[in-house]
Structure formats: structure tokens, C-alpha cells
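2 protein chains.
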Amino acid sequence: MQLKNDLLLRVIKGEEVERTPVWLMRQAGRILPEYRAVRDSVSGFIELAKTPELAAEVTIQPVDILGVDAAIIFSDILVIPEAMGLPYEMVEKRGPWFPNTVRSESDIKKIHIPDVKDSLSYVLEAIKITKKGLNGRVPLIGFAGAPWTIFAYMVEGSGSKTFSKARAMLYQEPVLAHSLLEMITIATVKYLKAQVEAGANLVQLFDSWAGILPPDHYREFSLKYIDTICNAITEVPVTVFAKGAFFARREMGELNCDVVGLDWNMDISESRELVGNRKVFQGNLDPAALYGSEDSIKAATSRMMASFGGARHIANLGHGLYPDLDPGKVKLFIDLVKSYPR
Amino acid sequence: MQLKNDLLLRVIKGEEVERTPVWLMRQAGRILPEYRAVRDSVSGFIELAKTPELAAEVTIQPVDILGVDAAIIFSDILVIPEAMGLPYEMVEKRGPWFPNTVRSESDIKKIHIPDVKDSLSYVLEAIKITKKGLNGRVPLIGFAGAPWTIFAYMVEGSGSKTFSKARAMLYQEPVLAHSLLEMITIATVKYLKAQVEAGANLVQLFDSWAGILPPDHYREFSLKYIDTICNAITEVPVTVFAKGAFFARREMGELNCDVVGLDWNMDISESRELVGNRKVFQGNLDPAALYGSEDSIKAATSRMMASFGGARHIANLGHGLYPDLDPGKVKLFIDLVKSYPR
Chain L
666 MQLKNDLLLR
676 VIKGEEVERT
686 PVWLMRQAGR
696 ILPEYRAVRD
706 SVSGFIELAK
716 TPELAAEVTI
726 QPVDILGVDA
736 AIIFSDILVI
746 PEAMGLPYEM
756 VEKRGPWFPN
766 TVRSESDIKK
776 IHIPDVKDSL
786 SYVLEAIKIT
796 KKGLNGRVPL
806 IGFAGAPWTI
816 FAYMVEGSGS
826 KTFSKARAML
836 YQEPVLAHSL
846 LEMITIATVK
856 YLKAQVEAGA
866 NLVQLFDSWA
876 GILPPDHYRE
886 FSLKYIDTIC
896 NAITEVPVTV
906 FAKGAFFARR
916 EMGELNCDVV
926 GLDWNMDISE
936 SRELVGNRKV
946 FQGNLDPAAL
956 YGSEDSIKAA
966 TSRMMASFGG
976 ARHIANLGHG
986 LYPDLDPGKV
996 KLFIDLVKSY
1006 PR
Chain H
666 MQLKNDLLLR
676 VIKGEEVERT
686 PVWLMRQAGR
696 ILPEYRAVRD
706 SVSGFIELAK
716 TPELAAEVTI
726 QPVDILGVDA
736 AIIFSDILVI
746 PEAMGLPYEM
756 VEKRGPWFPN
766 TVRSESDIKK
776 IHIPDVKDSL
786 SYVLEAIKIT
796 KKGLNGRVPL
806 IGFAGAPWTI
816 FAYMVEGSGS
826 KTFSKARAML
836 YQEPVLAHSL
846 LEMITIATVK
856 YLKAQVEAGA
866 NLVQLFDSWA
876 GILPPDHYRE
886 FSLKYIDTIC
896 NAITEVPVTV
906 FAKGAFFARR
916 EMGELNCDVV
926 GLDWNMDISE
936 SRELVGNRKV
946 FQGNLDPAAL
956 YGSEDSIKAA
966 TSRMMASFGG
976 ARHIANLGHG
986 LYPDLDPGKV
996 KLFIDLVKSY
1006 PR
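Chains L and H are the protein sequences, given in the same order.
Residues 666 to 1007, numbered by this note's numbering, are exactly what the first sequence covers, in order.
Residues 666 to 1007, numbered by this note's numbering, are exactly what the second sequence covers, in order.
Please keep in mind that the hints were generated in silico from the structure rather than gathered at the bench.
A few of these clues could be false.
No copy labels: a pair is met if it fits in one copy or bridges any two.
[Stated by the list, open to error] Listed next, the in silico DSS-like pairs over lysine-lysine satisfying Cα-Cα at most 25 Å (straight line):
hint, residue 1, residue 2
1, Lys994, Lys826
2, Lys830, Lys996
3, Lys963, Lys830
4, Lys758, Lys826
5, Lys994, Lys830
6, Lys830, Lys758
7, Lys797, Lys782
8, Lys858, Lys669
9, Lys782, Lys793
Note that this is a predicted model, so its numbers are computed, not measured.
Next comes chain L alone, as it looks inside the complex (with noise of 0.2 Å):
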């Protein structure tokens, strides 16, 4: 089907555009009354995820309601670890919690590359309903965490300050590392690839724990497995982005990749510079700036915007949007991207 809305897809491929893009990471989310409601009608938020009609729901709503140039499918990078056979629960104000880990080579032999087809069946749902729903209004991401970071989630068994136990795995036993991040690569390759298969026009990998590994490791155990996915999926753009990898920009602009997700402390025009010219970028408004004002929320947009330059430029926070936000300073933000004058 072809889209209606095409701007983002047309800034990755490096043509000129009107205006610039413009999506939020988390748009689908507590900051909406209408998420809100429909979340309250089931038991949580793992139950609402894994029901492909609501999850479809909320996935268009801030298409409907904030006006962005691209939905997101609703749902959580932890469901390929439960795929592999390592289920979580959502614990209130304190996170994803595992009930079994992985710290053994008698752990890895417990769990299983899926078939995602199967076992993930729900999501590619979602994104068949969410297709005919948008009915090409615009495109529809599909997304997946990072290997190092589903590794993380994984060794750890919940979040952490310091994910202290699975980066001392990376110190003690790095041959076993090893093999528990190839099986999630595989996992992760086959589930962005049914998510394309599905509808994605695009996806994007979320290395949320980027940050804190030193240098030599990151680039060991976190980024060769995101060089590995960006070279196997051929269908659709690439969008990576690594939180907190400030050291790594470098060899992020040799990913085989379209898009580099910046945070709100790199500087843009440094990112430029380490990144070069061959990628988009993607951000990175401090979402904390849309507690202020609006004369205030007016200047940071400029001042991101100016930054940014017009050219190869997807607008987006730096990280999620904290779901005490006002939806309607939300959408000024993106009202004010939409109206920003080349």
C-alpha cells in the first residue's frame, strides 16, 4: 500500500523534504488519557501487550491524538527473552522482574532460540491490525532491544543501577557471554524479520544499557551483534540507538545502518562529526524539557532544530517521554517541529 505520510521514509533514503519528521519514543503510553483507559481494561501491561486488538489500539493513537509522522508497535523488548523460555512480570513502579536467569552454562542449556512465529505470533498480530488500522496513514516501526542489553535484562533478572551481575559474566565467564548474545542475535534477527514480514516499514534497535560498559567491552559484546543484525536485515531501514554510547559514535557511522538514535547529552554537531555525513540522525530533545513552559518548550525546540540543521534529520526526544508529561505540551513540541521553517 502506499503511504499517505512517506516524510521519514524519504529523509532515510536522503531525499529533500518539506519539514522534518517528527515521532516520540514512548508516544504509545502513560502520557495519554486514552492509553490510560485502555490499559485499566485489562490486567496490566504485559496482558495489554499480548493482546494484539488493544495493543494495535494504543499503537495508533498518538496518530490520532499528537499528530505524529510515524506509530510504533506497541510493545516491550523483554518478549524475546520470554520467547526463549525466561518470562518476566511487570512489577509496579519497580520494573521488569525475572523469575529465573541465566548465570550457568546449565541456564543457557534451559532456554531455546524461538520460533517466532509462534511464540511471538501476538506482535506480528498487532502490526497486521495496526497496518489495516493506519491504512497507510504512515509508516509502522517495528522494534527489538539490542543483544547487550536483552543480555542484561537476562543475567541480571531485573533492572539495575549497575547491572553489576551481567557485566561481571562479561569479566568471568566472556565464552559463555558469548553464546547466550549469539542465541538473542538469532532470536533478535528472526523477530525483526517476521515483524517486516508482517508490515514494519521499518525498525529499530534499542540499546538502552549502552552506557555502562566501558569502551573494549561495549564494542565485544554489544556492538559486534548489532553489526550483525544491521547486515541481516536488507528489507527495510535500520535504526540504532544506543543510549549512552557517547564512545562509540564513531563506529556507529560504520553500522550498516540508516538511522543513529542521539541521547540528550551528545552534542550534535560533535555526533556529526564522529558519526559523518552518511547516516540520518534521530533526537534528542531532553524530555525534561517539556515540563517547561511553552516560551520555554518554543526556545529548546528551536534550539534542537537549529542544531540539527533541516538535512538528514529525524526529530524525536532523547529518550522515552516520562509519563508525567502533559499530553498537551507534547504535542506542542511536535506542532512546533511540523512548523519549523526551512
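Given chain L's structure and the hints, the job is docking chain H onto it.
Okay, now just chain H, sitting in the frame of chain L:
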């Protein structure tokens, strides 16, 4: 009193020294069974910090047990908010929690710049007892939180992944934020000067939450106040450790301080290029490296020592010790640094 081991101070003066000095952030703490025994004799962390004899005892423990080249007074950065009228509790496994926070002008009116010799006399007393106990064996480091980090806790009321309330204030109420930061800065200068008067041979500023600010906010709301403190402390050398502030390394080189701490994300030669040659570096082994085997710790330590190139370097970790590290492994790291061939 003449110090028997003044290696650290001689490195800071720029002298050629016989070997690299070493100490560890959080060296007085849970990794040592001797610390846990003292801690178990009182109600908790805060009582321990407020009992000068015991604080002095645990301060000296790592000098005896681990053989480090400096002691750092056992205390907490949050004694400053408490002295300003904002008491806190330390909740097991969750960290600090403030029953009251500062979010408005009327909240600011309820706090004050403390008479540190009165309200923080327990820290000053602990320093005096420690100095006697050390009897000139090694220098004693005093410390405080950098104003932005203290501000973050006072506004947020606890630790946080995003410190979104504290960061919101920077956008919503920048004038209010600056007046709180100024109060914290004045209190901190008084506090550090009192620590020096009590016997601290050098002082360190910890900007633990530097890494969550965008570069422009970091300059405006953090570096500015660090600069004020560095200019005010003329009596002893000053170390600035701003975790995650990779984007501010050039500015760190221009501060009126002697030592710049590096975290384990920061490439050493790149940091030298950005910071320049006038500062001594402190750091930066990944604390998780100490989970590895002896061979792996040897390799990681050698790599770090070689990268710093021997000169103008105080060996340390890139962050505090993790509480579950094996003290034997920690001591191995210290011994490896001390015997590293020049």
C-alpha cells in the same frame, strides 16, 4: 605532621614519583567484613556516620587491611541537605529518602545555610580522630557532593533513574533553581573549609548525577558552581569527579582544580586530549572488572596502567566499589598497581 606516605600529594604537585598511588572510592564500606562488624553494632549507616569514633575506625580500616595510599573520611554527601534543614533516611536496598523536598520558594525559605561547625561537628570530629589514628601514615581526603547532585536529591527527594522532578525545575523555575544551588554552594564551601581546618589533606567533589543533564544545562546548573567551589578552596588540592560528564571534559581542564576523576566509560587518551596536560587524572577501572579471575584482573589492571602511561595518575576505579566484591580481589588490584613496573 609530616606524612610518612605522601605519594598522592607529590603526584598532585607534579613531582616524579616512584610508583602510582592508589585508593578506591567506597573503600571504607561493605566489602570489608571488619566494616560490616562495626556497622552491625549500630542502627544503620546514618548512625555510623554520626558516631565520630566509629566513622574514624571504618575510615582507617582500608589503610590497614587493603594498603591504600589515602584514607577518605567515612561520611555521606547528603549530610549537607540535612544540615540545611532537610533530614533524610537511608532505606535498606532503596537508598536515601527525604520526607520533605524543595520544590517552591516557600520550601527554600524553610532551609538555611548551616553553621557547619555546629551542625556538622560530627564529621569534623571524625576527621580529627581519624588524623590521630592515621598518625601520618597516609593523607586523608575530605569530600562533598557537587551542588547539582545535592540539588537533585533535595528536589527529587530520593534516588531516581531520571531525576525528572529535579530536571523539571531547571526548565520551569531556573531562577529558583539557581538560588537553591547558590545556597548549597555556600554551604559546601564552608563545609569543605571546615574539613580542611579539621585536618583533611585534600578534598574531592562528587558530581554523581552529572551524566543526566544535557551539556548546556550542565554548564549552567552544575559546572558554574563547581567552578565557584574550586576557586574558593585554596588551602588544599581539589579533585572533581563528575560521573558521566564526558561532554564537559574540555571545561574540566579549565577548572581551578588539581585532579579530574574519570569514569570507566571515558577513553583515557581522548580524555587527556580534551582535558589537557595540567590536571592529574584519577581512575578509572570498571569496578565490575574486580569480579573477574586473578588473570583477568591482572590483564585489566595492566591495560589501565599502560593507558594512563604512568605519569600524573592516581589509580582508582571508575566508580565506587560494588558491595559484593571479594576483598581479596580488591587487594589484588591495589597490589598490582603498587608493583606495576615504571
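Hint compliance check: list the failing hint numbers for this structure, sorted ascending.
No numbers; nothing is violated.
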